[in-house]
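Chains as they are written, first to last, in our numbering: chain A, 52 to 324; chain B, 52 to 324; chain C, 52 to 324; chain D, 52 to 324.
Heads up, a few of these hints could be off.
Since copy identity is lost for identical chains, a pair holds within one copy or between any two.
[Stated by the list, open to error] Straight-line alpha carbon distances no greater than 20 Å define the calculated EDC-like cross-link-like pairs of lysine to aspartate or glutamate that follow: (1) K221 <-> D294; (2) K320 <-> D97; (3) K320 <-> E109; (4) K318 <-> D144; (5) K318 <-> D218; (6) K174 <-> D232; (7) K174 <-> D125; (8) K246 <-> D218; (9) K318 <-> D149; (10) K246 <-> D178; (11) K221 <-> D232; (12) K318 <-> E94.
In short, the hints are calculated from the structure, not lab data.
Number of protein chains: 4
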Amino acid sequence: MDGVDRREFLVSSLFALSSAALGGAATILAQQLPASAGPGATELIDDLVAANRILALEGIVDAFGHVSVRHNRDPNRFFLSRSLAPALVTAADLIEYDLESNAVDANGRAQYSERFIHAEIYKVRPDVRSVVHAHAPSVVPFGVTSVPLRPVSHMAAFIGDSVPIFDIRKTAGMTDMLVKDAARGRALAQALGNKPAVLMRGHGITVVGPALPFSVGRSIYLEANARIQLQAMALGGPVAYLDPAEAQQVMASGENRSYERAWELWKRKAQGR
Amino acid sequence: MDGVDRREFLVSSLFALSSAALGGAATILAQQLPASAGPGATELIDDLVAANRILALEGIVDAFGHVSVRHNRDPNRFFLSRSLAPALVTAADLIEYDLESNAVDANGRAQYSERFIHAEIYKVRPDVRSVVHAHAPSVVPFGVTSVPLRPVSHMAAFIGDSVPIFDIRKTAGMTDMLVKDAARGRALAQALGNKPAVLMRGHGITVVGPALPFSVGRSIYLEANARIQLQAMALGGPVAYLDPAEAQQVMASGENRSYERAWELWKRKAQGR
Amino acid sequence: MDGVDRREFLVSSLFALSSAALGGAATILAQQLPASAGPGATELIDDLVAANRILALEGIVDAFGHVSVRHNRDPNRFFLSRSLAPALVTAADLIEYDLESNAVDANGRAQYSERFIHAEIYKVRPDVRSVVHAHAPSVVPFGVTSVPLRPVSHMAAFIGDSVPIFDIRKTAGMTDMLVKDAARGRALAQALGNKPAVLMRGHGITVVGPALPFSVGRSIYLEANARIQLQAMALGGPVAYLDPAEAQQVMASGENRSYERAWELWKRKAQGR
Amino acid sequence: MDGVDRREFLVSSLFALSSAALGGAATILAQQLPASAGPGATELIDDLVAANRILALEGIVDAFGHVSVRHNRDPNRFFLSRSLAPALVTAADLIEYDLESNAVDANGRAQYSERFIHAEIYKVRPDVRSVVHAHAPSVVPFGVTSVPLRPVSHMAAFIGDSVPIFDIRKTAGMTDMLVKDAARGRALAQALGNKPAVLMRGHGITVVGPALPFSVGRSIYLEANARIQLQAMALGGPVAYLDPAEAQQVMASGENRSYERAWELWKRKAQGR
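Construct the complete structure from the given sequences, taking the supplied hints into account.
So, in structure tokens, the structure goes:
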């Protein structure tokens with residue numbers, strides 16, 4: 052779950068008030084808003100809107116969860132929807148952020164309280180250009196038990212030998228479970244390390260990739276792999292996971308054809324065509 | 052399952068008969084019907100109709116189950132559909148009830164036999180403004196085993212340390228399992244206590260909240276949590292449930308953003324937009 | 052699975068041939084076809100068509116399986132579709148049968164090879180007015196293990212203390228598993244006894260009722276109960292099934308309101324309204 | 052997953068270049084392309100397009116997986132889509148191949164890297180006229196454990212006493228898991244032997260049949276049987292599988308009515324009618 056805060060709202064309201072009543076002071080406040088890197092490329096924006104809907108259609112997100120993409124003009128900016136169910140996101144709902152999780156152009160719109168997940172990962176992972184946060188239901192069990200999620204299908208070879216688990220309790224003690232400030236975001240990014248995904252105990256997943264089709268595709272196959280692994284374990288006896296060398300070769304060989312074929316299908320479905 | 056009875060039907064038929072044939076005696080009978088508190092607020096009625104459809108779309112109810120909301124003008128009145136599958140409910144199907152489960156305006160329409168669930172809870176829980184009764188399929192297993200349903204996901208933090216189980220047999224002996232009179236309703240309300248939900252052995256769930264989005268949202272995430280817990284337990288080994296202190300903080304922090312973001316999505320889907 | 056045979060086709064082809072070429076002999080052959088009891092009541096026919104589609108929509112049948120209803124004018128006749136996937140059945144596809152599984156009016160249409168299931172049950176169960184045969188996927192496991200299917204939900208109280216299992220091997224030895232002659236049909240009817248349902252080992256279910264909403268509703272809740280029982284057992288520990296006395300009271304109390312409320316919903320969905 | 056390569060693309064590009072610049076040399080290159088056996092029969096092409104969509108609608112394939120059919124004019128040719136998600140395949144996307152996996156008419160279109168699965172099976176199995184390759188999710192667990200997939204339902208009698216497992220590691224060592232050359236294709240065909248299906252460890256299934264309805268139908272019921280077997284085993288205790296003699300009789304009796312009734316339904320759904 053991701054809460055929302057109204058900090059930007061207050062800032063912009065105050066700005067409006069200032070403009071009217073205080074004159075020069077408004078300039079100072081305005082300067083505190085990060086500068087925009089300009090509009091995102093049309094295809095990038097289209098893909099981000101599609102990504103939101105794809106994740107909803109595939110059951111990775113419900114009314115909660117979110118997906119972002121790094122700005123094509125500036126690695127220090129990224130796009131993320133205002134606080135809204137992913138299935139409802141349109142281009143008009145996207146907000147440009149800097150890597151301190153400050154909105155360039157919130158215009159009083161409510162924001163995801165967990166936008167820090169995105170910013171803190173972009174900050175330390177220059178290879179990452181897209182981040183998904185979701186409560187993928189079949190993966191959650193692997194975040195609350197001692198059973199490691201491992202690849203039973205070559206489609207989830209990106210898991211490698213396993214994915215780390217982030218337990219918010221270890222760094223932040225008893226919380227409301229939300230990664231809603233920079234410190235928690237940094238702790239999550241640290242748990243993620245150089246991996247493609249991190250499970251979040253009692254919460255969900257955060258998945259990254261070098262482009263939207265990767266973060267989205269990995270989220271979908273992480274969920275699929277969890278379902279299959281659970282069933283394989285229920286059969287009893289040892290499970291033959293992908294050998295790490297095999298997983299490595301799948302990745303070297305192009306990781307699911309860069310999800311190109313899948314992206315074409317998913318995007319068409321998301322666009323109702 | 053909820054039966055239906057024709058008491059109101061008989062009363063109103065008798066009333067019609069009386070009006071025509073008996074004159075003054077009709078007045079006496081008419082006085083036995085509770086007075087209406089007036090029409091419900093348009094948004095409340097809209098939301099109740101949406102709630103019926105949302106619960107059907109999300110698989111919490113099938114042809115059976117029901118949801119009510121307390122009247123905005125009078126805490127001693129609530130709205131509940133006539134006996135009808137939730138997916139089919141429209142504003143015209145809603146009946147106003149008093150807290151003795153008497154319909155203000157049944158007009159001969161068949162009523163849910165388990166309307167006592169709603170009335171008896173409203174009577175003793177002034178904080179409750181909406182009640183859901185359903186046969187949520189993944190939760191039923193937790194009502195017939197000794198395994199407590201506990202929160203594995205922060206979305207179900209409202210569970211706290213657990214939810215109580217109502218076994219109708221303990222107070223009413225061998226029955227048809229239906230909470231179809233005030234005494235059974237009182238026993239259920241007592242089992243519920245000050246909790247947000249109660250499991251009903253061999254039957255389903257009753258979930259309450261301070262508004263429709265809460266009773267509906269909690270029903271949805273109770274079902275989701277049951278599915279996840281079942282899978283987590285199937286993996287073997289201990290399960291790391293939410294710490295009660297964490298659960299408390301999630302609630303203090305606004306319980307899933309008051310289901311606002313979800314309600315917007317669910318309502319749109321229910322309205323086919 | 053239900054095969055099909057062309058006996059009726061051959062008979063009617065022969066009849067056509069006879070009419071043209073043999074004159075009087077045709078009369079003899081024609082007399083071998085059972086007489087029609089006349090057209091079925093419009094609502095009965097509508098309901099049978101709806102039942103076919105409902106079972107498909109609810110996942111009880113796929114391309115295989117069938118449902119029949121006893122003729123309203125003659126207890127020795129019943130209606131069943133020609134060999135066709137239930138989702139595609141229309142009124143024009145219905146065939147009238149006698150209790151020897153002879154078609155009144157096949158007109159060369161292919162027939163379900165397992166029509167004997169229906170005829171043999173109607174013959175010995177005057178209380179039964181509708182029969183469903185399906186490969187309900189969650190019930191099949193209970194037909195191939197020694198775990199009895201028992202009611203965990205009051206919606207499946209009709210199960211009572213349990214349902215019998217028909218193992219075709221016991222009476223017919225090694226077969227193609229199909230109840231495709233009268234002897235196998237009789238053996239199945241005997242296994243069913245006076246119960247509402249019988250599991251068929253490695254095959255599926257046969258469910259009966261005093262009207263279409265009962266045979267269809269029981270099929271749906273038999274499947275639902277199987278899913279829930281499987282999950283309850285997976286939780287470990289003893290399961291609190293409905294007490295037989297409770298099951299009896301649910302039945303005495305009207306068995307799920309005679310599926311009236313459900314039938315209204317299911318029929319509307321089946322008719323795409 | 053199936054990769055794609057551009058060999059044909061390079062060849063045809065080179066051909067275009069050659070035509071323009073080199074004259075006679077182009078003829079030599081052109082001669083290396085296999086000759087076409089002519090257009091496929093309209094119904095065969097229609098059925099292959101439908102098969103792609105059916106497999107997607109039934110959840111046997113997602114964006115990956117593919118289905119082919121042998122050419123009606125020449126047993127040494129078969130049709131398979133260009134590299135495309137099955138749900139999107141139209142007649143214009145089909146490519147004609149020879150049994151060395153060479154495209155007759157790729158025209159620069161990207162190809163499935165695993166087309167070798169199809170060619171190598173057609174080469175050694177003259178009885179096979181259609182091949183499906185998929186990542187059927189419920190079957191994968193049986194490919195990574197020591198539990199044999201066996202028929203619990205007569206609809207999956209084609210399994211017989213069991214189906215073999217292909218472990219690519221045994222013949223090819225550590226790989227990217229893809230059957231993307233003739234050697235791997237041969238090894239898979241050898242593992243398949245004379246069976247109707249082979250499981251692929253950590254990958255999926257390959258299913259064959261004497262016509263499209265068989266390869267598709269068997270894929271669907273292999274997946275269904277896996278789900279049921281998994282649940283039957285979860286109930287505990289011994290499972291009564293189909294006796295091999297029973298399985299044999301089901302096959303002798305026409306194997307699910309040759310999937311005729313199912314094919315009619317599936318094809319209509321795939322064509323949106």
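Quick rundown of the hints versus the structure:
1. K221 <-> D294: between (31 Å within a copy, 13 Å between copies)
2. K320 <-> D97: This pair counts as within: shortest intra-copy Cα distance 14 Å, inter-copy 23 Å.
3. K320 <-> E109: both (10 Å within a copy, 16 Å between copies)
4. K318 <-> D144: both (18 Å within a copy, 19 Å between copies)
5. K318 <-> D218: neither (33 Å within a copy, 34 Å between copies)
6. K174 <-> D232: Classified as within; 14 Å inside a copy, 42 Å across copies.
7. K174 <-> D125: within (12 Å within a copy, 54 Å between copies)
8. K246 <-> D218: Within one copy only: 16 Å inside a chain, 28 Å across chains, cut-off 20 Å.
9. K318 <-> D149: neither (27 Å within a copy, 33 Å between copies)
10. K246 <-> D178: within (11 Å within a copy, 46 Å between copies)
11. K221 <-> D232: within (16 Å within a copy, 49 Å between copies)
12. K318 <-> E94: Close inside one copy (12 Å), not across copies (30 Å); limit 20 Å.
In this structure, the hints that do not hold are numbers 5, 9, in rising order.
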